[in-house]
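Residues per chain, in single letters:
2 protein chains.
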Amino acid sequence: MSFSVLHHNHHVAPLSSSSSSIFAQKTFTALRTQVVSVAPKKAAGVCKCVATSPTEQTAYKTKVSRNGNIAKLQAGYLFPEIGRRKAAHMLKYPDAQVISLGIGDTTEPIPEVITSAMAKRALGLSTVEGYSGYGAEQGEKQLRAKLASTFYANLGIEEDDIFVSDGAKSDISRLQVLFGSNVTMAVQDPSYPAYVDSSVIIGQTGEYQKDIEKFGNIEYMKCTPENDFFPDLSKVSRTDIIFFCSPNNPTGSAASREQLAKLVKFAKDNGSIIIYDSAYAMYVSGDTPKSIFEIPGAKEVAIETASFSKYAGFTGVRLGWTVVPKELKYSDGFPVAKDFNRIVCTGFNGASNIAQAGGLACLSPEGLQAMHEVVGFYKENTKIIVDTFTSLGFTVYGGIHAPYVWVHFPGRSSWDVFSEILEKTHVVTTPGSGFGPAGEGFVRVSAFGHRDNVLEACRRFKELYK
Amino acid sequence: MSFSVLHHNHHVAPLSSSSSSIFAQKTFTALRTQVVSVAPKKAAGVCKCVATSPTEQTAYKTKVSRNGNIAKLQAGYLFPEIGRRKAAHMLKYPDAQVISLGIGDTTEPIPEVITSAMAKRALGLSTVEGYSGYGAEQGEKQLRAKLASTFYANLGIEEDDIFVSDGAKSDISRLQVLFGSNVTMAVQDPSYPAYVDSSVIIGQTGEYQKDIEKFGNIEYMKCTPENDFFPDLSKVSRTDIIFFCSPNNPTGSAASREQLAKLVKFAKDNGSIIIYDSAYAMYVSGDTPKSIFEIPGAKEVAIETASFSKYAGFTGVRLGWTVVPKELKYSDGFPVAKDFNRIVCTGFNGASNIAQAGGLACLSPEGLQAMHEVVGFYKENTKIIVDTFTSLGFTVYGGIHAPYVWVHFPGRSSWDVFSEILEKTHVVTTPGSGFGPAGEGFVRVSAFGHRDNVLEACRRFKELYK
Chain A
1 MSFSVLHHNH
11 HVAPLSSSSS
21 SIFAQKTFTA
31 LRTQVVSVAP
41 KKAAGVCKCV
51 ATSPTEQTAY
61 KTKVSRNGNI
71 AKLQAGYLFP
81 EIGRRKAAHM
91 LKYPDAQVIS
101 LGIGDTTEPI
111 PEVITSAMAK
121 RALGLSTVEG
131 YSGYGAEQGE
141 KQLRAKLAST
151 FYANLGIEED
161 DIFVSDGAKS
171 DISRLQVLFG
181 SNVTMAVQDP
191 SYPAYVDSSV
201 IIGQTGEYQK
211 DIEKFGNIEY
221 MKCTPENDFF
231 PDLSKVSRTD
241 IIFFCSPNNP
251 TGSAASREQL
261 AKLVKFAKDN
271 GSIIIYDSAY
281 AMYVSGDTPK
291 SIFEIPGAKE
301 VAIETASFSK
311 YAGFTGVRLG
321 WTVVPKELKY
331 SDGFPVAKDF
341 NRIVCTGFNG
351 ASNIAQAGGL
361 ACLSPEGLQA
371 MHEVVGFYKE
381 NTKIIVDTFT
391 SLGFTVYGGI
401 HAPYVWVHFP
411 GRSSWDVFSE
421 ILEKTHVVTT
431 PGSGFGPAGE
441 GFVRVSAFGH
451 RDNVLEACRR
461 FKELYK
Chain U
1 MSFSVLHHNH
11 HVAPLSSSSS
21 SIFAQKTFTA
31 LRTQVVSVAP
41 KKAAGVCKCV
51 ATSPTEQTAY
61 KTKVSRNGNI
71 AKLQAGYLFP
81 EIGRRKAAHM
91 LKYPDAQVIS
101 LGIGDTTEPI
111 PEVITSAMAK
121 RALGLSTVEG
131 YSGYGAEQGE
141 KQLRAKLAST
151 FYANLGIEED
161 DIFVSDGAKS
171 DISRLQVLFG
181 SNVTMAVQDP
191 SYPAYVDSSV
201 IIGQTGEYQK
211 DIEKFGNIEY
221 MKCTPENDFF
231 PDLSKVSRTD
241 IIFFCSPNNP
251 TGSAASREQL
261 AKLVKFAKDN
271 GSIIIYDSAY
281 AMYVSGDTPK
291 SIFEIPGAKE
301 VAIETASFSK
311 YAGFTGVRLG
321 WTVVPKELKY
331 SDGFPVAKDF
341 NRIVCTGFNG
351 ASNIAQAGGL
361 ACLSPEGLQA
371 MHEVVGFYKE
381 NTKIIVDTFT
391 SLGFTVYGGI
401 HAPYVWVHFP
411 GRSSWDVFSE
421 ILEKTHVVTT
431 PGSGFGPAGE
441 GFVRVSAFGH
451 RDNVLEACRR
461 FKELYK
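Protein sequences, first through last, are from chains A and U.
Take 1 as the starting number for the first sequence in the UniProt record's numbering and just add one per residue.
Take 1 as the starting number for the second sequence in the UniProt record's numbering and just add one per residue.
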């Protein structure tokens, strides 16, 4: 197959040319022979598909050392692990109607005002006027401006403080690359596992200490019912970075204005930087802050990361943003935002333009209305779950400002409870200890689900724990 | 503004509540007073917008040290720098018809067979049946399978070796995070700046050495007309990682089968890992390899990263993939793909589902046909540019297997030629030295442009250099 320079090639075929396939084929045979002579037993034993990948069982290793930081990580990342257990359960009970209130994945369709804007943008890309190539790495100007005016009006956050992204998880990793391996970090215990895991990967931590279930050189800030899920800062050591998620995943608790003011003061006194994860801010009611920048002085000590995932069902569409105020400075006075901009320009090429069109539609009056309805729906689910566990005599936390219910099973192992619930009700939850040692004895029940499924799951919970 | 748990809130307003804005306002005044008392002169001098961000001029600095690796980077990332120069030129000549043959951004509309699939997927997200939340971090199974069969048929690359991403640039950064700071790397000189810059950011390099325009601890593999743009491997020191882009950006040259066989042998002898950037593979004609995996044994020493950007005009849609064969092992025998999977799961949540629907449409028979036509169109542009410079007596390279023409201006500074062309023809190109010191004396002319613009640019080149 060849493409000439001046003529379109109308012969459509797989791109690996037949000549190269033949070439490869010949060599595979040669390699196979070699393999058999080198390690005949292994080859015979492990080999499953000789015809397509005969080199699989060779003993060749590069001389590149495995990244020791990644080797420190424990088992699998939590949510894929839960996915595996769910899959195994479905194999075991092929006829069971499995309901997932586990990984916090949205289930409700995206409002049409938003998807029609994305469809329009997609179709427009087929026209000369509607086509656009590389966008600004930081996001489209109009979207950045609209994010600033919608979420940060009167808070002094401006369009150029906002970096649009493909989601908070990606931005958390980019923030770790930004700060590098020489900073220290604190994290709520329990917390969303990506903070700790990304910190381990970038090399900020020591080894995992099995006995206490913590990594060395991370400050775990215990958040339990005893301290109203807000760390006792008098016992927290100074770190460079403080990850703080509110409303919190997994506990569902939201820090009050007074608590956040304490946190900002703590950061300011220590010269620390807060990375504030506000992915659930729209679930907040009343005067509880929706942004860390509602706290005076926060712009000098905080970064905020946010997402459309849980407001508009964008978990699969992928769109979020991170605010790095120009007031935030390193110890030498250099603006953090300038370096973050460099990270974004070097390692990211902007969020999908179609997703950004969706984001803009989310922020139209109709889009905001529609997102409030989606959030309201999941909050109704939350209430149903809270009421169910409460009626069964459990102590539950969260569920007011967040789509997560944190159910206490005193004295029991979270994974045991997870397994019990899965085995007996076919409902997937998330074991609290997966979020950190202080999550032991809790199970997180997510309110993301179709109403029928939430009601059915609650019926089964009542059956199990009556 | 408050959202009750059980009732939808139909009052739509900016999310920062008015109460909190008032609260913030009060405190800003307090802060301002404080600022003035601390550093009155500075505050008075720098202050631009007291009403909205009165803290901007404060002297507060955190105690967090700036990441020393990022501080090593030189000036701006190349392409934003060119964007700035273009913008300055347009300010200077507001009436000029500026043509960009600079950053390699696609200009032609995306074929309808592809955008209609994306629009359909987007609209489907508003339905119960069509909605999907978090996808697999590695990409949708169907797309991975189709990528394997389309691009790697008979090459032994399987569905689970392929990680779908939001583009090659993001994957290059993720690969740097994968290998970490303790590996050494080699790169073609000249090359796409993201390889070197991402290596600097992750901490693999020494300081920038101004006299030789190179970073310490990077092996620059000179690729010039003298060596047919293929490094003299007998002079290249062993490194852990070898970045290799073919067809090459910026030189437009594509390594032959024999050259790539040498490269694979070199990697194998040294136990190195090749990161092969094949973003322009569809521009290749004849027997020149389109994938490193056409070379026998490459699966044990190579990773390949690829993209839909330059085939389907997806520069703004964002979709690519990276192949990490299960045969590729670290020195301790651990599979590299297992760690890459962990990186992807921890720091990425998959490419946009709408973009993935577009990717699948790209690989349908109609989509492949349409992509070949897009590629064919840009190759026609390339020929026009090659012929123009050749007719003017210039020696040009590239332009056969790639949409880039590498024009030689012997003895001249690349930035001077860039400026001369911009000033006198209003055409944006890219200075060769921006890709590395061996690019000095060259200018890259991109063939991405509407036909009229390419013809007009060539008319102006003929005027300037007649």
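Hints were generated in silico from the structure; no laboratory data involved.
Computed from a prediction, not measured in an experiment: that's the story for all the values here.
Some clues are possibly wrong.
All copies of an identical chain are treated as equivalent in the list; a pair is satisfied when it fits inside any one copy or across any two copies.
Capping the alpha-carbon separation at 25 Å, the derived lysine to any residue pairs in SDA-like fashion look like this [to be verified]:
{"id": "1", "residue 1": "Lys-383", "residue 2": "Ile-99"}
{"id": "2", "residue 1": "Lys-63", "residue 2": "Ser-181"}
{"id": "3", "residue 1": "Lys-120", "residue 2": "Pro-109"}
{"id": "4", "residue 1": "Lys-268", "residue 2": "Ala-136"}
How the hints compare with the structure:
1. Lys-383 to Ile-99: Intra 18 Å, inter 58 Å, cutoff 25 Å: intra-copy only.
2. Lys-63 to Ser-181: Both: 24 Å inside a chain and 16 Å across chains, each within 25 Å.
3. Lys-120 to Pro-109: both (18 Å within a copy, 14 Å between copies)
4. Lys-268 to Ala-136: neither (33 Å within a copy, 40 Å between copies)
When the structure is compared with the earlier hints, a violation turns up for hint 4 alone.
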